[in-house]
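Student: Chains as they are written, first to last, in the working numbering: chain A, 87 to 405; chain B, 116 to 463.
Please note that a few of the clues may not be correct.
What the hints assert, rightly or not - Selected chain B positions facing chain A (Cβ under 8 Å, derived; list incomplete): (1) 192; (2) 243; (3) 254; (4) 257.
Said to hold, decoys possible - Label-pair ranges, simulated between beta-carbon atoms: (5) B:454 x A:262: 38 to 46 Å; (6) A:355 x B:124: 47 to 55 Å; (7) A:286 x B:117: 34 to 42 Å; (8) B:145 x A:286: 35 to 43 Å; (9) A:150 x B:157: 45 to 53 Å.
Read the hints as simulated data drawn from the structure, not as lab findings.
Quick reminder that beta carbons are idealized off the backbone N, C-alpha and C, glycines included.
The lines below spell out each chain.
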Amino acid sequence: MSFLEMLYFIIPSAIFFATPLIFTAIGGVFSERSGVVNIGLEGLMVVGAFVGIYVNLEFASTFGAATIWVAMLAAVIAGGIFSLFHAVASISFRADQTVSGVAINLLGLAVTVFLVKMIYGKGQTDMITQPITRFAIPYLKDIPFFGPLLFRDVYSTSILAFAVAIGAWFIIYKTPFGLRLRAVGEHPMAADTMGVNVNRMRYIAVVISGALGGLGGAVYAQSITSDFSHATIAGQGFMAIAAMIFGKWHPIGALGAALFFGVAQTLSVAGSTIPYVQDIPAVYLQILPYVLTILALAGFIGKANAPKASGQPYIKGKR
Amino acid sequence: MSNRVINILVPIISIIIGLIVGAIVMIVSGYDPVQGYSALWTGIFGDSYSIGNTIRQITPYLLAGLAVAFAFRTGLFNIGVEGQLILGWLAAAWVGYAFDLPKIIHLPLALLAAAAAGAFWAFIAGFLKAKFKVHEVIATIMLNYTALYIANAVIKKLSDGGFKTERVHESASLRSPFLRELTDNSSLHYGIIVALLMVMVMWFILEKTTRGYELKAVGFNKHAADYAGMSVNKNIILAMTISGMFAGLGGAMEALGTFQNASIKPGFTGIGFDGIAVALLGANTPLGVVFGASLFGSLKYGALNMPNAAGIPEEIVSIIIALIIFCVASGYIIRVALQKLRKKKEGQ
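Isolated chain A (complex conformation) (with noise of 0.2 Å):
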């Protein structure tokens, strides 16, 4: 394999396996930019993995290729509904946020294999008949170099990640809302004094990252393991956090992280096949995401500092 066709076939996998990273991991970030820690998006892309196979399985007959997008959307509403438990219980009644997110975890995985069991009546669901589908871009495909990396094998998710990735900035660095949002998350007193609602700021944050994790959740099943059962999700929701973290908490910071980890889990999955990647053993991929988040938060790849408030429940009048 020549160097050039390793880079085409690293660098479209890895936007591939980082496609649900990002979705979910700028979930995390709308969540802890407003002071809630959430543990629980391990357990919120498994409810988003379930729903988003669950719909494709019964209705692809109905929607036809247009399945993937109802059963995200799907997912999406189930998945921000789901983080009301840990809206609830951490912003409303105060409960320690790890807890309740730890809770969630759990909540997610018992409901969603239970639920499997009552309506297939077995642990795993068949495999999908419509996946999530690369395509090539016309024109843009023919491009020399960028075409074969880019825009070759290109999922309409990956786009859509980008594109959220991006609105994610917009909305939470240039809008009132944004500016609130991370107020509420450095200093919810001095936003309290400025007319800002805390607890209502948390809820929208919340579950907005519900949803997001709902969706990576969705778009994981429905792209890399096309069917669903209690190790569907193992891990990604865990690195999601990561990859915020290493993203230091800024949308496109956990872009360019998640696209890290995926090339990271691009080359311990086929890394067997690459020169020079042949030789590492597995394992040293497969710990470095979370090697390396431990080296970024002690502050030897430039200081990760998470919003000073996070982790604490907002009590009016409290100093």
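Once you have looked at the hints, place chain B on chain A.
Tutor: Structure of chain B alone, referenced to chain A:
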């Protein structure tokens, strides 16, 4: 109602809410909750075999619960019990089969190896927190996956490309023919004694030693502890290390007792995360952990009887456990409700 009563009432009310919502879920999904809960009951207490296996299931939950509770008491959230447990599991299994020693040395050595492995993994998180201010929740989550992949790679290497290590030698095993016979061939093993011993160790450290007092002081208010001349950083590292030791021993229970080897895992065991539930329900006290581990261990094992006896997926129990965690974590609202109730009574 005194604070003490409320502290005991919150978990009890949470359990009741969890069970009621679980029943509602069963009704809505078209299952019979009476049949479901009686299958759960028989699964736990039905015969001596079930009781033996239930106690076996409680054993690692005790240690995982202790690990989380101990860290909590020092103001730390060890969400990395899972990873520490996996490495303890691997270390115990390796020492268990790689050495030939008399039982009196071999078994303690294997346990010690597991404790050391878990302690080391938690130490990393403690060190990162003390030195670089890395939040321990994130650090331990990342270390969980790192541990999982490393353990899998090592097992693959140790077994020459296989998926599990050799069986541990008899001299390192916690299994006991006596306990087996007593419980109709269940897989009950001596690990429960180790676990209960550790409950006492935690109680002793926290309540009877100066170091334990310091650890608690740092947990209550680290600035005050610092002002009183205690080294906050040293105590953070120590607390994480001891917590990881408990977690590592939890892994040894699986390696030397239940499974007799270490195998490649596609994902987490779940014991570490359930340990959070155990500690939370037990209000982070040693005795509370015994209570929490008994409840969740029993529920988890009893649930396995539900698909056969009542046709209900066993995941219903995980749903109930998750709901209980939500309720205990939202204790604030239960407290408010209880206080309102009290005021109403006083008003009459």
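Student: Close enough to count: is the Cβ of residue 254 of chain B nearer than 8 Å to one in chain A?
Tutor: holds (6 Å)
Student: Is the gap between the beta carbons of residue 454 of chain B and residue 262 of chain A within 38 to 46 Å?
Tutor: Holds, since residue 454 of chain B and residue 262 of chain A (Cβ atoms, about 39 Å apart) stay within the stated range.
Student: Does 34 to 42 Å hold as the CB distance between residue 286 of chain A and residue 117 of chain B, or does it fail?
Tutor: Holds - the Cβ-Cβ distance for residue 286 of chain A and residue 117 of chain B, about 36 Å, lies within 34 to 42 Å.
Student: Close enough to count: is the Cβ of residue 192 of chain B nearer than 8 Å to one in chain A?
Tutor: Holds, because the Cβ-Cβ distance from residue 192 of chain B to chain A comes to roughly 6 Å (cut-off 8 Å).
Student: So, as I understand it, the hint says residue 257 of chain B touches chain A; can you test that by seeing if any CB pair is closer than 8 Å?
Tutor: At about 4 Å, which falls below the 8 Å cut-off, the nearest Cβ of chain A leaves the hint on residue 257 of chain B intact, so it holds.
Student: With respect to the beta-carbon atoms only, verify the hint that residue 150 of chain A and residue 157 of chain B lie 45 to 53 Å apart.
Tutor: holds (49 Å)
Student: Take the C-beta atom of residue 355 of chain A and the C-beta atom of residue 124 of chain B, compute their distance, and say whether it sits inside 47 to 55 Å.
Tutor: holds (51 Å)
Student: Under the criterion of a CB-CB separation shorter than 8 Å, is residue 243 of chain B in contact with chain A as hinted?
Tutor: holds (6 Å)
Student: Is the hinted range of 35 to 43 Å satisfied by the C-beta distance from residue 145 of chain B to residue 286 of chain A?
Tutor: holds (38 Å)
Of the numbered hints given earlier, the model fails none.
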